[in-house]
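J.: With my numbering applied, the sequence shown corresponds to residues 1 to 125, in that order.
It is worth saying that the hints were derived from the structure and are not from the lab.
A couple of the hints might just be wrong.
Said to hold, decoys possible - Distance condition first, Cα-Cα at most 27 angstroms in a straight line; then the derived DSS-like pairs of lysine-lysine:
1) K51 - K117
2) K117 - K37
3) K72 - K120
4) K42 - K72
5) K51 - K30
6) K51 - K37
7) K42 - K117
8) K120 - K30
9) K42 - K30
10) K30 - K117
11) K37 - K120
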Amino acid sequence: MATESANPVTMVVQPHVAQPIAAQGERPEKFSGNDFKRWHQKMLFYLTTLKLARFLSEEVPVVSEGETDTQKRAAMDAWGHGDFLCRNYILNGLSDTLYNVYSSATTARALWESLEKNTKQRMPA
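All chains, please: the whole structure from these sequences, using the hints.
T.: Next up, the structure:
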């Protein structure tokens with residue numbers, strides 16, 4: 001008759017964990033003019049993971065010329081830095097040809113709106 005072993009078998013069951021669609025370091029492929037809707041959604045998700053998507057809809061904050069409040073100045077500088085990052089992430093997601101066309105945009109919001117407008121005009125109805 002077989003005896004039970006002193007060390008029972010332990011099974012480890014790993015729960016199913018969904019892998020993220022795009023890790024923070026994974027950029028969407030470059031947009032070359034085709035399939036804008038897909039690229040647009042992927043870029044929006046990417047910017048959201050970087051906490052930069054708000055710059056696509058926010059107005060540029062205005063600080064008066066003689067403003068001495070250091071908190072307002074610091075907030076303006078922080079906004080400018082975030083907008084700079086957002087704008088350049090978008091530009092780096094464009095093909096070289098499109099980069100040259102859109103690189104003159106002064107804010108991320110202006111760049112995003114220009115891409116949306118120009119791409120919708122080219123899309124067949």
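J.: Does each hint hold? Answer for all of them.
T.: Hints versus structure:
no. : hint       : verdict
1   : K51 - K117 : holds, 24 angstroms
2   : K117 - K37 : holds, 12 angstroms
3   : K72 - K120 : violated, 37 angstroms
4   : K42 - K72  : violated, 33 angstroms
5   : K51 - K30  : holds, 20 angstroms
6   : K51 - K37  : holds, 21 angstroms
7   : K42 - K117 : holds, 18 angstroms
8   : K120 - K30 : holds, 18 angstroms
9   : K42 - K30  : holds, 11 angstroms
10  : K30 - K117 : holds, 19 angstroms
11  : K37 - K120 : holds, 10 angstroms
The structure fails hints 3 and 4 (numbered hints given earlier, in ascending order).
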